[in-house]
Amino acid sequence: MSVEEEIRGFARDLAADLDRLFDHLNRIASLVRQRLGAENAHERRWGPFQPDQLRMMEAEADQLLEQHPLVSGAGIIFDPDRIVSPEQLIPWRVRGERGAPEAYGFDFDEHSRDYYDFLQLPWFAEPKSTGAPKLTTPYVDFLGVDEYILTAAVPFADEHGFVGVAGSDIEVNTLEKVMMRAAKTVSGRFVLLGAQGRIVCSTTARFLPGELLEQNTERGHHLELPTQVPTLSLYWE
Amino acid sequence: MIYVDDPSQRIPPGSGAGGSQGLRQHIYRALPEIDRAEAIVTRLRDSMSLGLLREGDRLPSEVEMAESFGVSPTTVREALSALRAKGLVETRRGRSGGTFVVSLPASSVPLMRQRLESMSVVELRDMGDHRAAVSAASIQLAASRAVDSDLHAIERLVEAFDAAEGAHALARADSRIWLEIAVSAQSRRLLIAQLHLQLESSELLWAPLGNPRSKEMVMPYFTHMIEALHRRDRESAVSAAAQRIQDDTFHMIDQKLTLALHEGSKDDTDVR
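Line by line, the protein sequences give chains E and X.
For the first sequence, the working numbering gives the first residue as 164, with consecutive numbering after it.
For the second sequence, the working numbering gives the first residue as 55, with consecutive numbering after it.
Bound conformation, chain E alone (with noise of 0.2 Å):
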């Protein structure tokens, strides 16, 4: 096998992986928008959610994360704007130490230096304004979980619009383990990038994480991941 082409089945084992957290994304966006919309019908503010309400969006969340090992955390971040209790904001679960599933807390308390404000952030703002999935480039969540990662939010909306997005965090550090186990087999070194030409994972320290892909980088190769929302792409030389 040539180096592309080991490089094209490495694109498209990751490209599976992807569109496959997204097809999950969805099903929990569309479930959460039947189920919770369906009960707090004609009116604008969704809630307070009630215990079973809370477990059911916990349990999809727990879900994704079995089915999922790129994945560190995931649940539903709604608008605040659109439901009734700023504490039901986002529903989150994390891989706790010994892997299972845990509640992870955020502080909403507008006035705390901790507060967590992130209606400006790329994997809520833009999902919100465009009505499509999107994966983030990587990012330093800061006040968030407070890891290197990269995010994937699907939204999703009821007759009064946008009413928040379906979630799921990839920290670098695995999506690089991932990255590093395929590279066994593949004779040349790859880049792999976010948008804007971030890298996100390198298998040649010519290149490191979090650097922009400079410019002068005609003569390497440009693949595009083969998945359904547009996501990372690699480049090689």
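Possibly wrong hints are sitting among the right ones.
Said to hold, decoys possible - Sample of chain E residues lacking proximity to chain X, with all beta carbon distances greater than 12 Å (derived): (1) GLY268; (2) TYR279; (3) THR348.
Claimed, not checked - Once the Cα atoms are required to be at most 20 Å apart in a straight line, the calculated DMTMM-like pairs of lysine to aspartate or glutamate come out as: (4) E:LYS347 x E:GLU229; (5) E:LYS347 x X:GLU171; (6) X:LYS269 x X:ASP308; (7) E:LYS291 x E:ASP280; (8) E:LYS347 x X:ASP308; (9) X:LYS140 x X:GLU92.
Hints were generated in silico from the structure; no laboratory data involved.
Using N, Cα and C, we set each Cβ at its ideal position, and we do this for glycine too.
Position chain X against the provided structure of chain E, taking the given hints into account.
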């Protein structure tokens, strides 16, 4: 994952980086949640490697350590028992009893290899960025603040580094230079930040894995830094320090990639 430094922990003025009691207390600062017993073992072991804990030193009591690490006494006991099993500490009973450092850790290749495998490239890059930031700030201040005796101290440490042989001695000598630069910057905070970074990175940087970091490659940077400090040339001092650290980062990432791509690593099973 924020751990708070206790502002009451003071370094006595003029005590230097090596033996100060205040600085040593930082060895016992609070830990992140994960693998606490193991983290205590690593912290104490690294402190011994850097010469902050020496043979014959008595560790604080289990209760004191439990309090300053922010863990249960059981976790401290677990860590101490691991250190005893490695032959690094010994617990004696009686009035003058306690737990003592009895030998210094030899550079353990399997341990370093395991540590390098468990860190991601992103983490190594980030550690390098942090080192570059702290070290550049320190040397910039040192260039304007250091007096002759400070420069002599740094020069002597560079000579010691030049004479050092073996991964362990090189790691310790290299760390001492960076700590002394922070001392010359007259900044307690930069010194503490540098100490944490050195505890984390130094053994890993000099680990005799594959193609180890070479002293001969590093020496010209130190020579350049010292010349710049003498001229009080801040830009040139910063540039030499930054290049040196960038080289270190590339070296560690290269080692990491070589391990990850060319050999079967054992921690593969937790993903997919």
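Comparing the hints with the structure gives:
no.: 1; hint: GLY268; result: holds, 14 Å
no.: 2; hint: TYR279; result: holds, 15 Å
no.: 3; hint: THR348; result: violated, 10 Å
no.: 4; hint: E:LYS347 x E:GLU229; result: violated, 26 Å
no.: 5; hint: E:LYS347 x X:GLU171; result: holds, 14 Å
no.: 6; hint: X:LYS269 x X:ASP308; result: holds, 17 Å
no.: 7; hint: E:LYS291 x E:ASP280; result: holds, 15 Å
no.: 8; hint: E:LYS347 x X:ASP308; result: holds, 15 Å
no.: 9; hint: X:LYS140 x X:GLU92; result: holds, 13 Å
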